[in-house]
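Novice: Sequence:
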Amino acid sequence: MAAKLKKGDKVIVLTGKDKGKTGEIDRVMPAENKAVVNGLNISIRHTKQTQQSQGGRLPQAMPIQLSNLALVDGNGKATRVGFRMEDDKKVRFAKTTGEAI
Numbered sequence: 001m002a003a004k005l006k007k008g009d010k011v012i013v014l015t016g017k018d019k020g021k022t023g024e025i026d027r028v029m030p031a032e033n034k035a036v037v038n039g040l041n042i043s044i045r046h047t048k049q050t051q052q053s054q055g056g057r058l059p060q061a062m063p064i065q066l067s068n069l070a071l072v073d074g075n076g077k078a079t080r081v082g083f084r085m086e087d088d089k090k091v092r093f094a095k096t097t098g099e100a101i
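Numbering (full-length UniProt numbering) for the sequence shown: 1 to 101.
Just so you know, these hints were derived from the structure itself, not from any lab.
A quick note: this is a predicted structure, and the numbers were derived from the prediction, not measured.
Careful: at least some of the hints might be erroneous.
Said to hold, decoys possible - Listed next, with one range per pair, are the computed distances between beta-carbon atoms:
1) Asp-87 to Gln-54: 35 to 43 Å
2) Gln-52 to Asp-88: 46 to 54 Å
3) Ile-42 to Phe-83: 44 to 52 Å
4) Gln-60 to Met-85: 38 to 46 Å
5) Gly-98 to Gly-56: 46 to 54 Å
From the three backbone atoms N, C-alpha and C, an ideal C-beta is built for every residue, glycine too.
Produce the entire structure from the sequences given, and follow the hints as far as they go.
Specialist: Right, dumping it as structure tokens:
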């Protein structure tokens, strides 16, 4: 099955502590049904000092369930994603506006 959300998509968080915030997807993990969104779901990770890095308390974006994310359409609102064929190519489109993504 084709992925509804991909790396680089602008998404909005539907539930959780970051509800209503928007960001861009950095990484998608389809096996776990999760995605890492830049700047959202930040957690403090304690790291040891090494020769390359200082160490300490570093903020890191943690994965979010794909079901808690929605694509942002051209109007800035959350939308569901559909698929259709255009010139023998399968393209994603926003269900609210009908425009191709």
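Novice: Give a verdict on every hint.
Specialist: Consistency of the hints with the structure:
no.	hint	in the structure
1	Asp-87 to Gln-54: 35 to 43 Å	violated, 52 Å
2	Gln-52 to Asp-88: 46 to 54 Å	holds, 49 Å
3	Ile-42 to Phe-83: 44 to 52 Å	violated, 33 Å
4	Gln-60 to Met-85: 38 to 46 Å	holds, 40 Å
5	Gly-98 to Gly-56: 46 to 54 Å	holds, 49 Å
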